[in-house]
Amino acid sequence: MEMPTPDAAILSRKSKIVERLRAALPQAAVIHDEAELRAYECDALTAYRCPPLAVVLPASTAEVATVLKICHAEGVPVVPRGSGTSLAGGALPTADSVILGVSRLNRVLEVDYDNRFIRVQSGRTNLSVTGAVEQDDFFYAPDPSSQLACAIAGNIAMNSGGAHCLKYGVTTNNLLGVTMVSMAGEVMEIGGAHLDAAGYDLLGVICGSEGQLGVVTEATLRILRKPEGARPVLIGFDSNEVAGACVSDIIKAGVLPVAIEFMDRPCIEATEAFAKAGYPMCEALLIVEVEGSPAEIDEQLGLITQIARRHNPVELREAQSEDEAKRIWLGRKSAFGAMGNINDYMCLDGTIPVSSLPYVLKRIGEMSKDYGLDVANVFHAGDGNMHPLILFDANKPGDLELCEAFGADILKLCVEVGGCLTGEHGVGIEKRDLMTTQFAPEDLEAQMRVKDVFDPSWLLNPAKVFPLAVSRARRERDIAA
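All letters in the sequence shown, in the order written, are residues 1232 to 1712 by the working numbering.
Treat the hints loosely; a few may be bogus.
[As the list claims (entries may be wrong)] Pair ranges (Cβ atoms, derived):
(1) Q1551 / R1280: 27 to 35 Å
(2) R1269 / Q1366: 38 to 46 Å
(3) P1584 / D1624: 42 to 50 Å
(4) D1630 / A1424: 46 to 54 Å
(5) A1255 / A1671: 39 to 47 Å
(6) I1573 / Y1344: 41 to 49 Å
(7) C1651 / K1593: 14 to 22 Å
(8) R1594 / D1624: 20 to 28 Å
(9) E1305 / D1624: 23 to 31 Å
(10) G1533 / D1683: 53 to 61 Å
(11) G1423 / T1536: 42 to 50 Å
(12) K1593 / P1628: 42 to 50 Å
(13) A1424 / D1624: 44 to 52 Å
(14) P1628 / K1557: 39 to 47 Å
In short, the hints are calculated from the structure, not lab data. All residues carry an ideal CB built from backbone N, CA and C; glycine is no exception.
Kindly produce the complete structure, drawing on both the sequences and the hints.
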């Protein structure tokens, strides 16, 4: 996967750029030492690394605006970075870019329980948003697997979801407003503390834009009252396809669980060795959780177990206590760490219609044999957001390239059955050259014209989202102009 080479003229001006940044910010907020820059050379897509020109860590919207004005004037690309948990290379720098990290922007600015919103700085971690309101029985719904570490800024950039997005939606369904700074340093207020804003839905454009349009420094988020109760059921099956068919039947029945999570045998075995959650050694299992009053929970789980029994489960275990509920979720929440404990892997992210789950799981199994690489499946089955983990050996020449080719075929399969290239990880660099699989040239042109409006010089988050040759041409057009 090619990254653009640094511009020699910009590299030669590094000392001038660093000098200007250090004059505008506290010296500790500007990192330029080569050894210290190594900490920012990649995000969670660790197969690719590139130290940036410099890193800045502003502590306010005003400081963010100052940094962007300097970089805009100098023609220096800027890579916005939350916590660096992007699995698609969304925060990977180029050698001629400045990383703008928002980790110091981590304060709670306002909580309004009457109107059910919280306003936070964008560097605050996902889980700590709920932490700020849970003592009053409220919570923030989107819950990515990396919620302990990931920042709200990155959640907004990638429109992140999580295990409970089936019922509560992804970030865009829980985002009310943002403060955003343009590449030219202009501070914009978009949306607000109310349900909807007048005029064009610019908030819908910003959420999921992967740092291409501006740097979000503050966010107003919807908070919800905690449900009266919740209870999961674990259902084991003797094949992936049968488990997929069960998911499809649950959705068709009109039941709306708060979550339906899927794990296959390779993932079950790894998590059992790692977390010892007490999972059955079956080919596939589902974790289905519902919430509400005790009567509502009983009614929903009764219907779900009735549907599951039609598929001849090898095990059906309903949590009878809070401890049992935690153990059912323990393995799922440990899955990615467990897989990383045994093998290098690449975590994909594509979405498909729920009705296509049996077919897609079957095809992934067939492709696994063709490529000679194992796959572990763990994903949000209720909304068809798949996360196949392709296992490979990073130290074996050619294995990474083989893994990427396999991953590309899986994502093309997702599009083929009516899904799309990404559900919550974003496009980043991982899927940028697959964008033509889903979008016609005129579709991509329309998207790029939106970026032209917000970032005419194409300085924000370079080499991401759009096919590299196309984005290079856009940048060269601006330089020529």
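Each hint tested on the structure:
1. Q1551 / R1280: 27 to 35 Å: Because 48 Å falls outside the window, the suggested range is violated.
2. R1269 / Q1366: 38 to 46 Å: 39 Å, holds
3. P1584 / D1624: 42 to 50 Å: Violated: the Cβ-Cβ distance is about 34 Å, outside 42 to 50 Å.
4. D1630 / A1424: 46 to 54 Å: About 50 Å separates the Cβ atoms of D1630 and A1424, which means 46 to 54 Å holds.
5. A1255 / A1671: 39 to 47 Å: Holds, since A1255 and A1671 (Cβ atoms, about 43 Å apart) stay within the stated range.
6. I1573 / Y1344: 41 to 49 Å: Since I1573 and Y1344 have Cβ atoms about 45 Å apart, the given range 41 to 49 Å holds.
7. C1651 / K1593: 14 to 22 Å: With Cβ atoms ~20 Å apart, the hint holds.
8. R1594 / D1624: 20 to 28 Å: For R1594 and D1624 the Cβ distance comes to about 24 Å; the hint holds.
9. E1305 / D1624: 23 to 31 Å: 42 Å, violated
10. G1533 / D1683: 53 to 61 Å: 55 Å, holds
11. G1423 / T1536: 42 to 50 Å: For G1423 and T1536 the Cβ distance comes to about 44 Å; the hint holds.
12. K1593 / P1628: 42 to 50 Å: 31 Å, violated
13. A1424 / D1624: 44 to 52 Å: 51 Å, holds
14. P1628 / K1557: 39 to 47 Å: 43 Å, holds
In the structure shown, a violation is registered for the earlier hints numbered 1, 3, 9, 12, in ascending order.
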